[in-house]
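Q: The chain contents come next:
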Amino acid sequence: MTPAIETVNLTRRYGRMVALDHLNLTVARGSIYGFIGPNGAGKTTTLRLLAGLIEPTSGEVRLMGQRLIPGGGQRLVGYMPDFFGVYDDLRVWEYLDFFARCYGLEAARRRRTVDELLNLVDLADRRNAYVQSLSRGMQQRLCLAHALVHDPPVLLLDEPASGLDPRARVELRELLRTLRDMGKTVLVSSHILSELAEVCNEIGIIDSGKMIVSGPVETVRRQLEGSARLRIRVLRGLETARALLQRVAATPEEGLPRLRGVRADPSDEAVVLVEVEESDEERQAALLTRLVQAGVVVSEFRAQAENLEELFLRLTAAE
Amino acid sequence: MRGIRLQRPQINPIIVREARTRMRGARPYVVLTVFLALLALAGVGIFQLMAQQARFGGVLLSAQVGQGLFKGLAFVELLLVVFLAPAMTSGAISGEREGLTYDMLMATPLRPEQVLWGKLVAALSYLFVLIFAAVPVFSVVFVFGGVEPMALLKALALLVMTTIFFGTLGLFCSALLQRTTRATVVAYALVLLLLGVPLLLATVWGQFSTPPGQAPPPPLVYLQPFSALTAITTITPSADQAMNFFGYGDPLSGLPFLTLLWPGVIHYGPAGPVVVPVYRATLIFYGLLTVLLSWATAHLMGPGRRWRPRRSDLGFVLLLLVIGLAAYVWRDWWHVAPPRMG
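Chains as they are written, first to last, in the numbering used here: chain A, -17 to 301; chain B, 204 to 545.
Simulated from the structure, these hints should not be mistaken for laboratory data. Where hints are given, some of them may not hold.
Part of the chain A face toward chain B, derived, beta carbon under 7 Å [claimed, not checked]:
id	residue
1	33
2	56
3	61
4	63
5	66
6	76
7	80
8	83
9	84
Each pair of labels, with its calculated beta carbon distance range [stated by the list, open to error]:
id	chain 1	residue 1	chain 2	residue 2	range
10	B	388	A	-3	50 to 56 Å
11	B	510	A	152	44 to 50 Å
12	A	12	B	227	41 to 47 Å
The beta-carbon is built from N, C-alpha and C at its ideal position, and this holds for glycine as well.
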């Protein structure tokens, strides 16, 4: 099956500045793709290119297998910009009706679509309110609804969670899951990874206009995990444990993992965090045995995966 | 491809949206009331001025009152329209950018030409409401007589065309400059240039012409809407019109502001003063410029590579050709040479 979104060497320059540098992006149909990067990484430029709002300097975009002609792919995508406005003096239902008209929906279909979308984004009880009177979260949901009026297979959401309170963020995540269940392909950008980590099944990390890594969340995590971290909670014999671990770190031993660093956990003084070079469970078990043999009473011994947030920070900082 | 079967929009959505929002709140009604009140006040003022002249012993015919009212009201209305039209449109495109709705609009299948057309019609329809709401005020003229209905229709046509042209000018500035404040300032600067420069040149023409004292050529004031209106509203020019401070034939003739509009319009031939119908050329040139400005605005609104030819350009070219061809075929109608002295 052809991917929902595909970019081939997509490049966009603004004068001398390269905003996007040979971006190759593939998003499978029906997935929620988290497009993550720090501010100015090229996320909005990518989304505007995918929405056909700007033309690429070189490269091409394919949506649902069709090559995108700038200004011609609007029926395939629903686009929600990072900063959006609302038309003053327009009621909520009129706002959606306006965009439905822009897509040429005939009257009966338009009325039905407006009702369905208001229910979907939980604004049915505010249908006659003026849009400027809605809260930020409600306006965000309304803007998302506007991107759905023509039932597009692909949704491009640029920083949809920015400025939302925690409750509204949870509601937005629920909404994204609903959209996935409806079969939509959603590309959602954010500079805050934790916003997306829970809902996305694919992520891509972009920095300085270049894609650093892209793919399913777990694959990306594994790709990036060159090392692992062990969390060891010591009930008795903390000094002995630290001394033993420091010795192993200084002088690697056969059968034990190679330790890159040993440090205390600032949040729990009974915990020792150990950076190991590989995630070999046999060697980790051997290390636990050595600790026990040395008389250390261990209440917790587990590999602590580096979370996506840390991976993101490490990657983008390295760039 | 997933998705529903869609049809082309039947009614321009921009017009529908503007129609819904334009008349909401007190502002549009306040503007309409002030507009009509100003016009009515101008009518009363003109009538009082003429009545005052009659009190000084002159003979004032009812028809002269009608003609004076017609001229005065038409000038006031044109003045209001000339300054309101750019104000109504100079924020139409830039307002979408500033209001952060531009991208959302451009992400829909609406073509820039459709957005442009919708914006223009939406903004100008309110001005047309003002113009047509003033028709009952104008009808007072018929109580006094002296003005043919055709003259009223000509004035109305000029008002409508001027509104469209100055509205398009505002829209062009809005698309070009992307900020409403800048667009409004530049639009008004252009309006003042269009109004002031031809008048200034026409006024000083005689002093720099060879031999000195020549009347300015009518093309100098083709783009000046007030000169065009002078051509429509001057029913019977008198030989000493320009010299009269309070002429009974036209009580407004003595006002310095209005005498500035005569050069290029009223010419003096062997058989006396003749009004050159420059308004015909004004209508044609406003039509041509409106199409040109609309074409440029549509390109300014498009995504990237703005000046790359598009299919819609054919429509603009066709329209230009039609107007150009009509202007050529009927050139004797609008290109009227003024009479020669001696």
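Q: None of the hints should be skipped; say for each whether it holds.
A: Cross-check of the supplied hints:
1. Using the Cβ-Cβ criterion of 7 Å, the hint placing residue 33 of chain A at the interface with chain B is satisfied: the shortest such distance is roughly 5 Å.
2. For residue 56 of chain A, the shortest C-beta to C-beta distance to chain B is roughly 5 Å, which falls under 7 Å, so the interface hint holds.
3. For residue 61 of chain A, the interface hint holds, since its Cβ comes within 7 Å of a Cβ in chain B; the closest pair sits about 4 Å apart.
4. Hint status for residue 63 of chain A relative to chain B: holds, with the closest Cβ pair at about 5 Å, below 7 Å.
5. Checking residue 66 of chain A against chain B by beta carbon gives a least distance of about 5 Å; that is within 7 Å, so the hint holds.
6. Here the hint on residue 76 of chain A is kept, as its CB sits about 6 Å from the closest CB of chain B, short of 7 Å.
7. Checking residue 80 of chain A against chain B: minimum C-beta separation of about 5 Å stays under 7 Å; hint holds.
8. For residue 83 of chain A, the interface hint holds, the least distance from its beta-carbon to any beta-carbon of chain B being 4 Å, beneath 7 Å.
9. For residue 84 of chain A, the interface hint holds, the least distance from its beta-carbon to any beta-carbon of chain B being 4 Å, beneath 7 Å.
10. The given range of 50 to 56 Å is broken by residue 388 of chain B and residue -3 of chain A, whose C-beta atoms sit roughly 27 Å from each other.
11. A hinted range of 44 to 50 Å holds for the C-beta pair residue 510 of chain B and residue 152 of chain A, which are about 48 Å apart.
12. Separated by about 42 Å at the C-beta atoms, residue 12 of chain A and residue 227 of chain B satisfy the suggested range of 41 to 47 Å.
In terms of the numbered hints stated before, the structure departs from hint 10 and from no other.
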